[in-house]
Each structure stands twice: as structure tokens, then as C-alpha cells.
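**Student:** Please work from the sequences and hints to get the whole structure.
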Amino acid sequence: MTFLSTIKAAALSAAMIVSVALPAAHADEQYFPLQSYRVGPYAAGGTGFFGGFIDYLNLINIRDGGVNGVKLTWDECETQYEVERGVECYERQKSRAGAAAWNPLSVGIAYAMIDRITADKVPLITVNHGRTDSTDGRVFPYVFPLLLNPYSETSGIVNHIASKEGGIDKLKGKKIVVLYHGSPYGKETIPIYELLAQKYGFTVQQIEVPHPGNEQQSQWLTIRRAKPDFVVLRGWGVMNPVALKTAVKVGYPVDHIVGNVWSNSEEDVIPAGDAAKGYTAITTQASGNSYPVVKEIVKTVYDAGKGNLEDKSRIGSVYHNLGIVNGILNVEAIRVAQEKFGHRTLTGDEVRWGFEHLKLDPAKVEALGAKDLFHSINVSWDNHEGEGYVTFQQWDGKKWNVVSDWIAPDWALLRPIIEKSAEAYAKEKGIKLRTADDANAVTTN
Amino acid sequence: MTAMTSDVPPALVLPKWIAPVLLLAFAYGVVPLIGSSYLFEAILLPFLALGLAGVGLNILTGYAGQVSLGSAAFMAAGAFAAYNFNLRVEGLPLVGSIVLAGFVAAAIGIVFGLPSLRLRGFYLAVSTLAAQFFVQWALTKFSWFSNNSASGVIDAPRLSIAGFALDGAVGRYLFALTVVSILTFLAYRLVSSQTGRNFIAIRDNETAARIIGIPVLKTKLLAFAISSFIIGVAGVIWAFAYLRTVEPDGFDLDRSFQILFIVIIGGLASIRGAFFGAALIVVFPLALSRLGGFLLGDVFDSGVLDMSQRIVLGALIILFLILEPDGLVALWDRVRRRLLFARQST
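Line by line, the protein sequences are chains C and F. Under my numbering, the first residue of the first sequence is numbered 1, with each subsequent residue one higher. Under my numbering, the first residue of the second sequence is numbered 1001, with each subsequent residue one higher.
Honestly, the hints are just simulated from the structure, not real lab data. From the three backbone atoms N, C-alpha and C, an ideal C-beta is built for every residue, glycine too.
Far from chain F, some chain C residues (derived; all Cβ distances over 12 Å): (1) Lys172; (2) Gln198; (3) Leu221; (4) Pro253; (5) Tyr302; (6) Arg335; (7) Gly348; (8) Trp406; (9) Glu423; (10) Asn445.
According to the in silico footprint, chain F covers these stretches of chain C (three or more CB under 8 Å from chain F): (11) 33-41; (12) 72-84; (13) 100-113; (14) 183-192.
**Tutor:** See the structure below:
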């Protein structure tokens, strides 16, 4: 870009800011503050996820003219996955009116925001991650670990390993190593693995890889000595390809490594090259660009030159599709809330109500063009996860192939553990447990 | 500096205590009334916490001449110690846990200051790295420190002093401001006392200091203890008043470097310098990022903007250090002197 055109663009954007700012008070808009990260060690996840999210919001604006005429707007604030930057972004972006929901895609930032968003009454979405006990809507009214909380994910992985071994009773005496990312996200599942190990009679050894994880020689030598039957890779960013490559180096078979939901993307396996062939990982949303909604995004958004991904080959990748699914969930929650409160700019609390009534059965998912992209969701005022289904995919060196049906995690087993943890938090913080009636009391202005 | 100010007619020289008192009056009386929550949460609270950490490190590095790369570790020690005292000792008031946390950080500082008796300069800097890695490792490894919380993240307790809740942004700001003011005042008294002069003597020439009868060993360890105490309390402010949640990774080596840069950019051996440096390090990237986002946010994505901000920031720091190697404090004094002379000549 030449200097002159930069100036021109700057002048244009300044003019646009002015022209947008003036009528904004009249036109109905719903604003998404995006605490994104496009630089730093986790940029691959950030660009893919926020790319997909923005692409879907764009699709709704271009194709439908917004949600029932309410335009969707957003801006980005770079966090680099760092907590204090995320907090600064929160304070910066919350001053803008009409915020629908926060989607920081970082457990650390989400933790720091819980008190703040609860006071401000705007939902915080942590799709496929987050603080497990925030599933309990009685204690965390504004936090939504949608689709899959970390405990459900763990249960899904253990069930998958059991099915590979020929049944849950075959887990007895087996040995599983969990290699986890040294961050709040990575540590979140330590207690649940211990608990499932006790329950099913396998032994578990959990090994930390310090952030960001580009050196794992000693961890994998430990694994080689331990000779586990399976290794669960609970990685993030650069840690994943390094793990797969190091596994090959120490001679651990890659088809006995199971990746978790943040170790399941193309960006995790392509850098590992041949070392990743045969690697299996859990997912809530299949990869690929054959789904109608992805095709529509290509047609409506990318062909109009408004696509967010710079590298078009990443359209339909795991992170991009997760961003699209996240877009669907956010937009549909707004739609649900609009049916109740009117087709206008909603308050954060009204959007919260929308999320708590977000029910997309497989038929509705198909109508949205996302059949087989993800299964379904069923959120309620006290279950903020919404019973997402998982599936497993295997990398063949070129693409991910789905190798299992949609599987339901063992929610009945997990719910009491989650409730106990949430109640302990409520007691420590002096929070009164919310009831269904409280959940229906909505702040409308 | 003092020689220069004596050129100014006495009528223009105000008593030394006037400026800090006016500043404090403004910070207590005016800022809480006019500030927005963004000002408190995103600018003033990190500024106060990092400024105090800078004061602590300046005592060690600026006055006593011992380079340390373990500041973030001492902050972490303070934050986690305060959390645990608060959690495990029934009925201990908040101020009590903060003071005890300072002592824990001081004890750790003494342990990791021991190599300073044999090592100097870069070698000492490398050995203080041990503190950085050890403390972070211990906090991660032993989940007792974070009360066995699943993710290793601790939630800060509610802030309240003598029954007054200080949970709002303004309350936390006043709390941080008070702690920082008290400790900064004590640090200021310290560096102009005999102990402070001992620090400087050791920095300037250790052998000479020994010959004139300064107990080098004791003084160095004292410097480590006092500095770590202050940095530990800064860690408490960072955790309890600013972020309100803490994980060991928040206190990584980057934070140590950040504090060291604050001290160097602000001005070594200057209490004010720490706050100048903290202001630059906290406010400047924010200003750049907001300006960049405002002007070019629609043209480039946030990643490109962030990268270019880093380049600009780095270039400005280099430029600044070349033009004013003694730090912002020296620059400030020069500007003030010019102004005074200008007034005098009219």
C-alpha cells in the first residue's frame, strides 16, 4: 500500500467513523466486542476462530441485512492471549453501547472477566473451553461454556479410548498419560482425569509442558519410560506439532495419541508433517468446506472480497469452522431473545436470556445449513453447556476424516461434580444460588 | 541538579514537599470524581502496581547496584502469600496479610540475594533468573499454593478495610494509591538515610565501601530484602486490586524485564523515575494502539496494527535512550529548569 492510499484510507475511515457514529443512535445495532489475537504463539487459533466468527456475522449482515433488521457490528482488540491485555480490551470495548456477548477465546482472560461481566450483566461465551463449573447456571448466570466444557471433553476422550480397547471395563489396568499445556486451560482437567482413573481403574500420569511448549524432549522421554497405552494431548498452539514430532523421535506410536479439542486443527498437524499421520483428535465441529453454510460464506462473503481469512485455503479448517459455529450460536441466541423482547438492540441481560433458551435440534441445525458441521445444542438456565455432542477425526496426512459417530459425554456422571465445585465457589464468594424465577427476571434497559 | 536550582532566585523555589503533596491531593481529591472506569481499571491500577514494583527494583538496582531479573517472581511470591494468609489465617485483616506477604517476599529475596555476595553484574543477573524460574515452578507444581484450584488460577478475595468494602474501581484505586503512597514515602526516606547512602557506596565502589566500614554483606542482603518486600506488595496490588485473578504465568520473565525497563527508562536511582517509567510502559502502548485502531483499524486487521505498534515502541525506546541515557527523570528536570530560567529572564 502506498503512502498516498494509506492517507486516503485513513481519511475515508475517519469519515466513516463520523458518518457511522451520527445515525448510530437511531439505527438498531448489536455489537460484538472481539478480544482477538492475531499475533503471538496462538495466532493460528486466533485468526482462524475470529476469522470464522467475523465471516458468519458478515454473512448475516450481507445476506439477511442483520438479525431481523438489526445490523451486527464488531471491532477487534488485540490481546495476544495475555490476561492483562484482555482486561484492558474489556474496559476499552465495554464503553460502546449494545454489546451482545464477549468471546475472548482464552481461559485466563475469561477467568479475569467473570466478576466484571457479572456486574455489567453481559454474557461471556467460552465455546469448547472455559471454567468447567461455570456450566452451573445457578452460580454463574452470565458465563456459558457452550457445546463442550472441559469435563465433558475428558469424558468423551476416555469413552473413546475405552471403545478402542473394546469396552469401558477393558480400561482396568491400562495406563494413560495426559500431556497438558501449562496454563489455566491446560490444568483445568487434572482433577477429572484423576477421578475417572479411580472410577474405571486405569492409572493416569499427568505431565505439564510449560507455555508455549516448543521444547518437549524431557516430557517425551518420561513418557517413553512410562510406556503408557495411550497419550492424551491436551495442547494449544505450537505445543501440538512439537509433541507429535517429538513422539516420533522417541518412538511412541502416533495412533495411540488422542488429541483434545484444542489439539485438533490443521495448524496442529500440518507443521508436524508425516509425524501426524494417523493421529486422532476429538472435535465438536467437523472440518471441511462442503457444508451449506460454509459454501454460502464463500459465495456471499469471500467472493465479494469481504472474507476475513487472508489464506483462503484455511476456509473450512477446524478453527474457521469453530468460529462459524460460534457465530451461529451467538446469532441464534440473539434471534431467540429478539422473539421475546422485540426486534431491536438488546441489552446484555436480554441476550443472556436468549442463550439460556438456545435450543437447536438437528433439524434446526440442518435448516441453518450446518448439518453434520455440529450436532445440536440445548442450553437451559441451569445448564450453560447445552449438551453438545462430540466426534473423533483422524488425520490422513492431507485432511481430517471423521472416524466415529456423534457421541454424548457422560453428563449424568459429571453434573454432581460440577455442582459441587460451583457451590463451593458460591460459598467462597458469598453468591446466592439463582433459581428459575431469578433467571426469568431480565434487565431490559 | 541542586547546584542548578540554587541559581534560581529563592522566591521561585518552592519547598520540596509541595509537589508531591499537591499531586496526592489531586490523586485523592479530583481523580476519583472525574475518572472513568477505563481510567482506573486499564491505566491507573497497572500504573500504580508497576510503579511500586519499579520503586522496589530501583532500590536494589538503581541505589545498591545489584541487577535483578527476578522481580516478577517476588511479585508472584507476594500475591500468592497474601492470598494464602487471607485464606488460611482466620480473622487476619487485609492489611495484615499484605504486610506478611511482603515479609515472605523479603525472605525469598534474601535467599536469592545470597549469590550477590560472590557475584556481580551479569553473573548476578543470571543467578536471579533462578528465582524467576524456581518461584514460578513451585507455584505451578504445588497446587496447595492455589488452594487446589483446578486451573491454578486464584480469585482475589474481596477488598475491605475495617468493614469498608473497596470492590468498585474507585475503591480499589484508592486502596492501591494509599499503599503505594505509604511505601513510596518510606522508600524515599530510606534512600536519604544512612542505609541509603550505604547502598550507594556499595554500588559505586564495593572495596572502598568496605574500607570505610560499611558492612557489605549485611547491606546487600538488606537491599534485597527491602526491595523484595516492596515488589511483593506491588504483586499484591497487581493481583488483588488490578486483575483480581492470578495465575503463576502472569508473573513470567517478560514481567521481570518490563519492570527492569521501567527502572532504566524512568531513571536509575530515582524514586520518581519508577513512576515516570511505569507511565511510559503502561500508557504509551495503549495510546499507540488506540491511535492505530482509530486511524487504520478499518484498513488493517488488529494483528498487523499490533506488530507495527511494537516496532514504533521499540524504535522510540532506542531513540529515547540515545538522547537521554539518564532516563525520563533527567529529561523532566531539564525541561523544568528551562522553564524556570525562562521565567527568570522575563
